[in-house]
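Put together the whole structure using the sequences plus the hints.
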Amino acid sequence: MKTIATKIFIAVFVTCFTAAPAVYAKGDDFNSVVKMIEDFYRVKHVGIPFLAKAGMKVTTTAARIKGGTARRLAEAGSIKLAVFENQAFNGDFLKFRGSLNSALNETWMPLIQTFSATNAEQTYIYLRNAGDKTHVLVITIDERDATVVQVTLSQKNLALLLKDPEGTGKAITEEATLNDQE
Amino acid sequence: MKSLFKTTFIASLLVAASALAANAQDSRIQMGSLDHLAAKASQTVDVNIDERLMKLAVRLLSDKDEDEREVKKLVAGLKGIYVKSFEFEADGQYVVTDLEPIRAQLRGAGWTKMVNITSKKEGNVEVYLQFAGENVNGLAVLVTDDKELTVVNIVGPVDLDKLAQLEGQMGIPELGIEKTKKKNDEQ
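Protein sequences, first through last, are from chains E and A.
This note's numbering applies: residue 1370 is where the first sequence begins, and numbers increase by one.
This note's numbering applies: residue 81 is where the second sequence begins, and numbers increase by one.
Derived from the structure by calculation, the hints contain no laboratory data.
A hint or two may mislead.
Said to hold, decoys possible - Cross-link-like lysine to aspartate or glutamate pairs, in silico, EDC-like; alpha carbons within 16 angstroms at most: (1) A:K120 - A:D171; (2) E:K1532 - A:D147; (3) A:K227 - A:D171; (4) A:K152 - E:D1533; (5) E:K1532 - A:E247.
To be verified - Not everything, but these chain E residues come out facing chain A in the computed CB check (under 10 angstroms): (6) D1461; (7) Q1524; (8) L1527.
Computed from a prediction, not measured in an experiment: that's the story for all the values here.
Cβ coordinates follow ideal geometry from the N, Cα and C atoms, glycine included.
Here it is as structure tokens:
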């Protein structure tokens, strides 16, 4: 009897731990993605830079993006940001992409994914319906840094994202990490 | 027991038949066979705008705003836009057999290669349309160059004019596709 109980315990224990990667994104997807990056690349994110957080004002404020003036994309107060600075992102990006896609597949729609072997850069943009708005999750990873941004977009800015997914995705990341004080 | 087996068998047959029928009319090209090329490519772009997103866009975009109206008009009726594009630093990073699974799909189920198409872009550009009767059900573009491989698949009612409008937008690369009427008339 004791043997059976031990076997069941081991089976439950093994199941819980081996199933862990598959349930990454069931709860808070933003935090799950951050945790997934940390586990896969063995890195640690740093806290949201205070000034970047403070810089999130109103949607219509002109912001400096790409060296010029551009409209704010994210809805005020909707930005979640995690930054990984100056750490080594060594790993099989195809494997990472597979894990990410299967974790987010149920609730998020993958819009665009780009990889540059030259710059060791990966960009992932996912969308999720949020009533009359849209949640956008942008993940960028390069050789030394990574950023995870989740924002809420208005209909108008969704149109911009659809028209130019790559450019608008980059602009969302730049906006989230933008320091209005600069 | 025998009856249960028979019922299960018939049900399986029906499911298989309906799946085959659905596939026959589906203009979505499965491009997963190309994924391994990402490991060799210097640049990879993978765009997936599926029917859910298309519907979402049509529902959310307003007719009042010029930007939104333009996008809405383009995506109305479309069921998906899928792009896979690979750029390589050296020649010979992909071989003809890598494309075979894509070509095999384009050989069946109503796909027709357009012969009157040229492109300003370097390399070989092939355009395929899938017809359901007289209506166009989907479009596929293959761009093959020594250092580039791009597959564009638009699902839903689309024509070359719409493709031209979509070039450079929604993740679709600039394809420079032109219809050469004169050539077509000669044939």
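Checked against the structure, which of the hints given earlier come out wrong? none
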